[in-house]
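Peer 1: Sequence:
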Amino acid sequence: MHFTSKDIDQYIGQKEYVDTAVIPLIELDLSENGMKASANASEYMQSLTAILEKQFKGRILLFPPVSYAKDCDRTNLAGDLQAELKNTSFKHIFYLTADAQWRALADLPNVLWLPAIPTGDMDQSFKKSVMEDQLRQVLPLFTKEWTHHS
Numbered sequence: 001m002h003f004t005s006k007d008i009d010q011y012i013g014q015k016e017y018v019d020t021a022v023i024p025l026i027e028l029d030l031s032e033n034g035m036k037a038s039a040n041a042s043e044y045m046q047s048l049t050a051i052l053e054k055q056f057k058g059r060i061l062l063f064p065p066v067s068y069a070k071d072c073d074r075t076n077l078a079g080d081l082q083a084e085l086k087n088t089s090f091k092h093i094f095y096l097t098a099d100a101q102w103r104a105l106a107d108l109p110n111v112l113w114l115p116a117i118p119t120g121d122m123d124q125s126f127k128k129s130v131m132e133d134q135l136r137q138v139l140p141l142f143t144k145e146w147t148h149h150s
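So that you can map any letter, position 115 of the sequence shown is 115 in full-length UniProt numbering, and since no number is skipped, the others follow by simple counting.
Hints are not guaranteed to be accurate.
[Claimed, not checked] So the derived label-pair ranges between C-beta atoms look like this:
(1) G58 - M35: 35 to 45 Å
(2) K15 - K36: 35 to 45 Å
(3) K57 - L85: 12 to 22 Å
Hints are computed from structural coordinates only; laboratory data are not their basis. Quick reminder that beta carbons are idealized off the backbone N, C-alpha and C, glycines included.
Based on the provided sequences and hints, a complete structural model is requested.
Peer 2: Okay, here's the thing in structure tokens:
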């Protein structure tokens, strides 16, 4: 399910089955040298999470990407996100990002770091193949969490 009014209505009615939140974390680097890489990472992460949502529709709620400035205090942002999600019914919360700095934060569990693959100029069928390959790498991490903490 997506974070849209239509899907939220459905989520509210099926809350006991939707036990996983997926939150993409997108760094905004608006410098002349960083903007293209930031846009590539955003496009990649949104494509990957859309495929993930489609694969597990009815089990996960895909939140809109959390975008933050390059110099953002990630520790504070992590605390804010955890505080907001603390009183929800989600048993599993995953953060997906192409920003390697999140890997150093021990206080935020289930951060999945994936190096961004620039997909913007790819042919659609090749892009789909690449994204499905990326999904195959992420799936075991989800299933391990689901079986371990269910």
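Peer 1: Name the hints, by number, that the structure is in violation of.
Peer 2: Nothing - there is no hint that the structure violates, so all of them hold.
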